[in-house]
Structure formats: C-alpha cells, structure tokens
Amino acid sequence: MTGTGPKTDLCNTGRLTPEKEADLTAQLLELADTDVKRCIQCGRCTANCPMAQHMDLVPSRMMWELKNGRASVVLAAASPWDCLSCFACETRCPRGLNPAGVMEAARLLSIRPAGAPVLTAEEVAELDPGMPQQAIVAAYRKFSK
Amino acid sequence: MLVNEATKNAAPDTAPFEPKIVAFCCNWCSYAGADGAGTARKHYPANVKIIKVPCSGRVNPLFVLRAFQKGADGVILCGCHPGDCHYMTGNYYTRRRLTLLMGMLDYLGVARDRLRVAWVSASEGARFAEVMNGFTAHIASLGENVKLRDMRCRK
Amino acid sequence: MQKIGVFVCWCGSNIAATVDVARVVAAAQGIPGVAFAADYRYMCSEQGQQLIADAVRQYGLNRIVVCSCSPRMHEKTFRTCAERCGVNPYQVEIANIREQCAWILKDREQATQKAVALLKAAVAKVQLDTPLQPGESAVVKRALVLGGGIAGIETALDIADAGYPVDIVEKEPSIGGKMAQLDKTFPTLDCSACILTPKMVDAAQHPNIRIFTYSEVEAVRGFVGQFEADIRKKARSVKADICSGCGICTTKCPSRQAGSEFDAGLRKRGAIYIPFAQAIPKVPVIDRAHCLRFQTGKCGVCSLVCPNKAIDYTQQDEIVTEQYGAIVLATGFDLLDLQHFGDLGWGRSKDIITSLQLERLTNAGGPTEGHLVCPSTGRQPKQVVIVSCVGSRDTSGRGKTYCSKICCMYNAKHAMYIREKYPDTDVTVFYIDVRTPGKGFDEFQRRAVEEYGVHYIRGLVGKVDVHRDGTLHLTASDLNSGRQLEMEPDLIVLAAAVTASPDARKVAGLVTASIDNDGFYVEAHPKLRPVESPTAGVFLSGMCQGPKDIPETVSQAGAAAVKAIGLLSKDKLLTNPCTAWCNETVCSGCRSCVQVCPYGAIEAVEKTVVTLEGKKEQRSVAVVNEALCQGCGACTVACPSGAMDLKGFSNQEIMAEVDALCW
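Protein chains in written order, with the working numbering: chain V, 8 to 152; chain C, 17 to 171; chain S, 2 to 664.
Everything labelled a hint here was simulated from the structure, so no lab data went into it.
Everything numeric in this text was worked out from a predicted model, so none of it was measured.
We put the CB at the ideal spot given by N, CA and C, even for glycine.
Heads up, a few of these hints could be off.
As the list claims (entries may be wrong) - Part of the chain C face toward chain S, derived, beta carbon under 7 Å:
no., residue
1, F33
2, T105
3, T115
4, D122
5, K163
To be verified - Covered, in the sense of this in silico footprint (three residues per stretch, anywhere, with C-beta under 8 Å from a C-beta of chain S), are these stretches of chain C:
no., region
6, 37-51
7, 60-72
8, 81-95
9, 132-139
Unchecked claim - Far from chain C by the CB rule (all over 12 Å, computed), these chain S residues:
no., residue
10, M74
11, T81
12, E94
13, V140
14, V141
15, A163
16, P199
17, R233
18, D313
19, T369
20, H468
21, D517
22, V523
23, I566
24, E658
25, L662
All chains, please: the whole structure from these sequences, using the hints.
Okay, here's the thing in structure tokens:
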C-alpha cells in the first residue's frame with residue numbers, strides 16, 4: 008500500500024505557477040489547521056515517526072516545504088500515504104504543531120478532487136489479515152474521505 | 017482596522033457605526049501593556065481611547081457613568097492581575113466595585129456588558145490588543161448606547 | 002490666564018509616517034486656551050527642548066502639552082524641560098500619539114483623528130492641572146539583597162565596597178547558589194568553585210555585609226528609601242555562634258533519607274547537614290522533616306557527638322526587622338521540572354540525568370569525586386548523548402517558550418570535558434540550532450567539534466526507551482543527512498530549560514515588583530532601564546530577570562549595585578507630589594479612607610474646621626501623611642462625600658478627559 012495514493016493532476020506538479028502554488032498551499036494549510044510558520048525544524052516529528060525511514064518526504068521536511076509555500080512537493084510525495092496517523096509527531100512536537108494533520112490534509116486534497124473514496128468498508132475486509140490493527144484503521148481513515 | 021469595514025462596504029450611503037470606547041488603564045500594568053501593544057505593532061481599533069489612572073482602584077464608578085452620559089458606547093477598565101497590584105489591594109476594590117456597578121447598569125437599562133473589566137499586565141501587549149479588538153467588536157455588535165445619554169451632548 | 006503650548010513630535014518617521022502632524026497642530030491651534038502650537042522632528046532632542054523653551058519665553062506659556070511617545074518614556078524629560086523654563090513640571094501633559102496611534106494604526110486618517118482626540122483630552126486635563134511641589138523623604142542608607150548566589154554576592158560586594166551596609170538574605174543554609182554546584186565555567190573552563198568561593202569569603206568577611214542564611218523575607222513595608230522588611234531566620238537547631246563547623250554531627254547522623262539538594266539528588270544526605278565543604282557559614286542545619294529526633298523523638302546522636310554542645314533542638318524561628326533604602330532582587334533560577342518529558346526517559350532510568358546533575362558527577366567535590374559514571378552501574382559510560390532544548394522553545398505547554406540561552410554553551414562545555422577526561426567515550430549532542438553569541442563563545446563550541454571530536458547532530462531526540470535490563474534505546478533523526486538514527490547510549494544528559502525561581506512570584510508580591518508570564522521580573526524599560534524594576538527602589542540582578550550566563554549575571558549584578566548605590570548616596574528623595582488630599586470642609590470623618598489606604602497614610606484627627614456654612618466646628622477629619630501616601634487614589638473612590646481627591650489625577654481632571662474623549 009506504500010505510496011499508492013490516487014494520482015490526480017494536483018499531485019503531478021512541481022511545475023505550477025507561483026499563484027497556483029500559493030493557492031494550493033493556502034488550501035492545504037486551511038485543511039490542516041496548523042500554523043507551520045511556528046515550526047522550528049527540530050526534527051522531533053521525524054525522529055518519532057515509525058514510518059520515517061520509508062518516507063520520501065519525512066514529516067519535518069514536509070513542514071519545511073509547506074513553510075516555504077511548496078504544497079505541490081507535499082502533494083507529489085508518497086509520504087501522506089505512508090503515514091500511519093499514529094500522531095506521535097503531534098504528541099511530541101514542542102511547538103504544538105500537527106504534522107499528521109498536514110498528512111491528512113494532503114490526502115484529503117488528493118482524494119476529494121478525485122471523486123469517490125478510494126477504499127470502501129467492504130474492501131477493508133479483504134486487506135491482508137496479517138496487517139496490524141492500527142494499520143487497517145489508518146488505511147480506512149486515509150482512503151475514505 | 018475599522019470595526020465594521022464590512023458594513024461600510026455594504027451600505028456606502030450610511031455612515032458606519034463607530035463606537036466610542038473609553039479605556040481606563042492603570043499606570044503600572046495596563047498602560048504599560050498598551051505601550052507594549054504599540055511597541056509590538058499589535059493593531060487594535062482607533063475607537064479605543066485610553067485614560068491613564070494611577071491604579072484601577074482610582075476609577076470612580078461616577079467616571080464610568082459620566083462616560084456613558086457623555087456618549088461612550090462602551091467602557092473598559094484595565095488593571096493589574098489580581099495579586100499583582102502595584103498598590104497591593106487596589107484591583108480587589110475595583111473588582112468588587114465594578115461588579116456592583118454592573119448590577120446598577122442592569123437596573124438602569126444599560127447592557128452590563130458595555131462595561132468590562134480586564135486584567136492586563138505590563139508584559140501582555142498582545143493580550144491588550146486582543147482584549148481591545150474583542151471588546152470593540154462586541155460593542156459594535158451591541159450598537160449605539162442610548163440609555164443614560166445626556167441628549168444635550170448630541171451634536 | 003491660561004496659556005497652553007502644544008508641541009507635536011514627529012519621532013522621526015515613527016509618528017509622522019502615520020499621523021498627519023500638521024493637522025494635529027492645526028487642530029491644537031483651534032482649541033481655546035492654546036496660545037502656541039508647533040511640530041518638530043524630535044521633540045525630546047536638545048533642539049526640540051529649546052523650541053519649547055523659546056515658545057515658553059516668547060508666548061508666556063504656563064502649561065504644556067506634548068504629543069509624543071508614551072509618558073513612560075519621556076514624561077520626565079519634558080517635565081524637567083518645563084521646570085528649566087519656569088513652568089511647573091506638573092502642568093505638563095503627554096498625549097501618547099506614538100504607542101496609541103501611530104504604532105497601532107495603519108490608516109492615516111484614523112490615526113490623525115485619534116491623535117487629535119488624545120490631544121484634546123490632554124489639553125482638557127492640563128487646563129485643570131494645579132502646580133505641585135514634590136516633598137522630600139529621607140533615605141535609609143542600607144541595602145537588602147534577596148538571594149545569595151553569584152548575582153546577590155556580587156551586588157552586595159559592590160554596594161558594600163561603596164561604603165553602605167548590605168544584608169544578604171538567602172533561603173538555603175549557605176550562600177553560593179547554583180554557581181557553587183557547577184564544575185567548570187565556559188568559555189575558559191576554569192573551575193567554578195575556584196572563582197566563586199573567594200567571593201563568598203569576601204562577602205562573609207566584609208565589615209559592611211551581614212548574611213542571613215536559611216532565612217526568608219516575610220513582609221516588606223514602606224517605599225523607596227524607607228523600606229522595612231521582616232526577615233524570618235529559620236531555626237537551624239544549631240547554635241551558630243559556638244559551632245566550629247567540624248561536621249562530626251553530619252557524618253554520624255543515622256537518617257539518610259533526604260536527597261542532597263546540593264548534589265542535585267544524586268546522593269543522600271543526613272538530616273543534619275552542611276550543604277557543601279566550602280559552605281558559608283559552615284554551620285550545619287537540621288532538616289526537621291527528616292530528623293528522627295523531630296519525627297519520632299528517639300534520637301539525639303548529633304547532640305551527643307557535638308564537641309561544642311552546639312545542637313539546640315528547641316531553637317525557634319526568629320524575626321529580624323530592619324530598615325532599608327534599596328532592595329535588590331537576586332532570586333536566581335531553577336531548572337524545569339521534567340515530569341512531562343517521560344518520552345525522553347525522564348524518571349525511568351537513573352542514567353537519564355539533567356545537566357546540573359552532570360555538573361555534580363564531574364565535580365571533584367561531587368558524589369563520585371569527579372569520576373563520570375553511570376549512576377545505575379557505577380561504570381564509566383562509553384557513549385554519552387546530550388539533548389538540547391528540553392523544554393526550551395516549547396510552545397506546546399510542556400515547557401517554556403523562550404530560549405534558555407545558556408544550554409548550547411554548557412552542552413559544548415560538558416561534551417568537551419567528557420572527551421578530555423575520557424577520550425574513549427563518545428559524545429553526541431542533538432540540537433535544533435546552536436546559539437553561541439558571546440565573546441569567544443562560538444570559537445569554544447567549534448573547538449568541541451574540531452578539536453575534541455564531539456558529534457553534533459541536527460535534530461532532536463524523538464524518544465528514549467528504557468529496556469528491562471536498564472539499557473537505553475534512543476531514536477532520533479539526523480536532519481542534515483535525512484537518516485534515521487538508533488543509539489544505545491550509556492548516559493543521556495537532558496539540557497533542561499531554565500525557569501525563574503519558584504520564589505520569585507512570592508517575592509514579587511512582597512515588594513510589588515511585576516513579573517512576566519514566565520515568572521521573571523519585569524524591568525522598568527527593556528532597553529534603557531534593564532536592571533530596575535518598575536517599582537522605585539527595587540533593582541534586579543542576575544537570572545531572576547531572564548536567562549543569562551555568569552559573565553552577564555556579574556555585569557548585571559554590578560549594574561544593579563550602581564543603581565542601588567546611586568539611590569543610597571542621596572540624602573533626600575523627592576517624593577511624588579501626586580498625593581491624596583482631604584477637603585476638610587466636606588469631610589464627614591467617616592474613616593472610609595482610613596480603612597482602604599494600603600499604606601496607613603491617612604488618619605482621622607480631631608480638628609477645628611470651617612463648615613460649608615462658614616461656622617467653626619470641632620470634629621474628626623481625615624488627614625493625609627504625604628510622606629506615606631503613594632498616590633493610588635483608593636481613598637478618593639471610597640470617600641462617600643467626595644472630600645478626598647488626588648493631586649495630578651483629580652476627579653475633575655479625569656472627568657474632563659472623559660468629556661473630551663466622548664464629545
């Protein structure tokens with residue numbers, strides 16, 4: 008399941024006009040409801056993230072990109088789909104920020120324009136039974152907006 | 017920032033309601049807090065005009081009534097946080113006195129929330145601006161104060 | 002006849018950029034009573050003040066309104082200027098059009114309108130201002146220093162050297178404070194005790210210094226120049242005058258329950274103890290909460306072994322009351338309680354310690370005689386991890402929002418001397434930013450990296466797991482390389498945030514000094530009066546004002562001393578003439594004012610007064626002692642007959658301001 012987000016035109020970016028990039032960043036930040044400007048790049052989110060070693064854009068880098076107004080980089084990354092939504096990053100962030108919320112917002116922003124939920128309740132049952140419970144809950148949470 | 021920029025844009029022919037707000041600030045905490053708001057360039061509406069008093073306990077309820085009489089739409093009294101009064105006990109008296117005054121305002125038919133007491137310390141510039149923004153917005157929503165107003169004061 | 006001069010300051014572009022000063026001047030010229038109005042680029046400058054003086058002479062002005070910055074900034078300047086040109090300084094009013102108009106508003110029209118409104122209020126007030134003359138009050142030539150750390154000691158020494166008696170009040174059994182606990186100091190790596198203890202001895206032997214240890218100030222009365230403090234000397238249960246400081250009692254005490262405060266809890270101490278070998282005074286104290294004698298009544302070993310019979314179980318607390326002209330607060334700092342940092346292993350392993358505990362572990366006078374060992378095993382650690390910013394720069398509510406300032410430097414210091422003493426021990430520092438401003442500071446930190454081979458990794462430690470066998474497992478991220486790190490260090494040192502002393506709040510209440518949200522004392526002006534509290538006669542020394550290192554603390558201590566000396570060197574102080582006064586004609590003698598006055602400045606006196614009807618009559622009326630009155634105005638509001646009024650803030654004046662602002 009790693010890195011298998013729905014590919015909408017929003018994700019296929021990096022070549023956006025500055026206006027569109029700013030608009031996308033504003034949308035993402037509004038959904039995430041966390042003040043990324045307050046991030047001091049201490050890296051505790053990444054250090055705590057159980058998935059960080061599998062991520063192409065670790066939480067602290069994601070916050071950095073957003074702080075600099077590059078939402079397209081975040082949306083193009085696979086990391087939001089790798090995120091377990093365990094919220095360890097939020098719990099331990101010394102600035103009270105919520106990188107997991109940003110991950111969630113990035114997923115929302117990808118799924119919503121794509122139409123229907125990617126994963127339905129029936130499909131969850133078909134997932135690998137060996138999967139940890141948390142991953143199944145996280146998967147359902149992630150793919151059904 | 018105009019309180020009711022929105023109203024202004026919506027109805028350009030009628031002059032927007034700009035509430036008159038008198039703020040009594042104690043010299044030691046709140047006046048310094050207001051200075052702090054200025055120093056930090058924290059914006060709050062021009063409607064708020066500050067009168068410096070040595071201590072919030074210096075504010076006679078008559079001053080508040082006088083303000084309402086002369087056309088103020090809201091009065092806010094700022095002092096040191098309880099326990100931090102430069103004169104030890106001044107703000108405790110203020111707290112009790114103003115509670116009584118609010119009861120009296122109710123009796124007179126003036127909405128009691130046209131009078132507010134807020135504790136703002138010398139280091140709370142941002143809080144000062146926040147309180148003033150909140151209070152001005154609230155008074156703007158209450159509209160003009162007509163009760164108690166000395167009609168001869170009308171221009 | 003009233004002739005008011007209005008002077009509008011541009012404050013460079015600070016005011017003029019937002020407020021149309023020309024319109025303010027024009028508005029002033031239209032106000033009845035205003036004889037002259039002008040604007041100038043910098044009214045507080047010599048030329049600006051000259052402009053005021055010239056106008057006063059030319060137009061015969063007798064009242065002045067200055068539209069400028071906050072009166073907290075330049076009221077004194079303009080009052081002095083007025084006095085020089087023959088205008089009573091209390092007939093000067095400031096309209097604060099910088100902080101209250103130019104700096105909070107963007108719209109030029111609004112700012113100008115508000116400036117005019119404030120000007121009108123100031124003119125309305127100045128018209129009613131009566132000429133006032135300040136009185137005089139004497140200065141008690143003795144200073145009180147609260148706190149006996151390096152800041153308090155340095156301040157006391159400086160004041161004492163200038164010839165004034167000083168009392169140091171320290172709550173611990175010995176002076177010395179936190180600096181006495183340190184091993185070495187940055188950036189020179191000289192031994193902390195070697196530079197501190199001579200100062201402690203100097204203070205103890207100075208003829209002008211009295212030291213009250215194990216004491217706390219309980220009450221402070223009075224005002225600048227004439228404070229009066231009650232000092233509670235807690236019972237030591239040891240007669241200080243006959244104790245020789247041999248310390249036999251401390252070695253024989255059977256109670257070993259209490260953690261040594263001086264060794265940051267790394268060692269147990271007896272119930273009777275001397276905090277450290279170089280303590281001043283070197284007199285033990287019985288910690289009654291842990292003493293078997295006091296708890297069960299069944300001991301008395303110390304009394305038996307004492308060769309001088311100095312132990313006195315019946316000793317009582319003693320209150321000393323003394324007068325002071327100046328008070329210096331030097332209450333120091335504390336480290337953040339790390340109870341909310343369980344994710345970094347705090348409280349779950351003995352091998353996870355604070356930086357202050359590391360100081361004790363490396364100190365030759367410490368529990369391990371300077372051998373760095375893991376507290377759990379007693380073995381030398383092979384890998385040490387230092388974590389920066391534990392609780393600093395934290396807005397999540399678990400820690401403090403500010404940078405603690407000293408940690409980056411002491412982390413480098415710790416790393417360096419661990420590497421120097423134990424070259425086979427690996428030291429890794431996890432950091433967010435390395436902040437080393439200061440003379441020789443950055444060079445020092447670079448030496449740690451370049452010469453001592455300390456690993457600096459950008460990125461904070463995520464979490465620390467403590468395994469069942471006691472080994473530590475740490476997860477972190479190296480942000481520069483993007484690699485996830487897992488380590489199993491033997492010792493983890495947490496650079497806990499600096500916090501204000503928990504006593505600061507209590508002390509602030511005693512002397513009515515202001516404190517900020519973090520518990521540090523607020524200075525009278527952040528730039529221009531950094532060592533003075535807004536309360537006259539109260540000065541700030543050291544960490545109690547904000548995080549700072551030793552050199553800064555010492556310089557601030559000296560500065561506070563100079564301010565205190567400046568005060569003590571005066572024979573008389575001019576008192577605030579804005580005091581309450583009683584209109585005896587209407588005073589009914591009800592004594593409401595007597596009850597509310599926090600300073601006991603009002604008393605009811607039998608007097609012959611002339612009534613409203615012109616008759617003479619003998620009755621009780623309120624009389625204000627102007628030397629005691631601080632001008633809070635509580636009495637003016639309590640007075641049911643309106644007899645009490647406050648000079649400088651009279652009922653009429655405030656009403657006039659209200660009218661001017663509302664009209």
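Which hint numbers doesn't this structure obey?
1, 3, 4, 5, 10, 12, 21, 22, 24, 25
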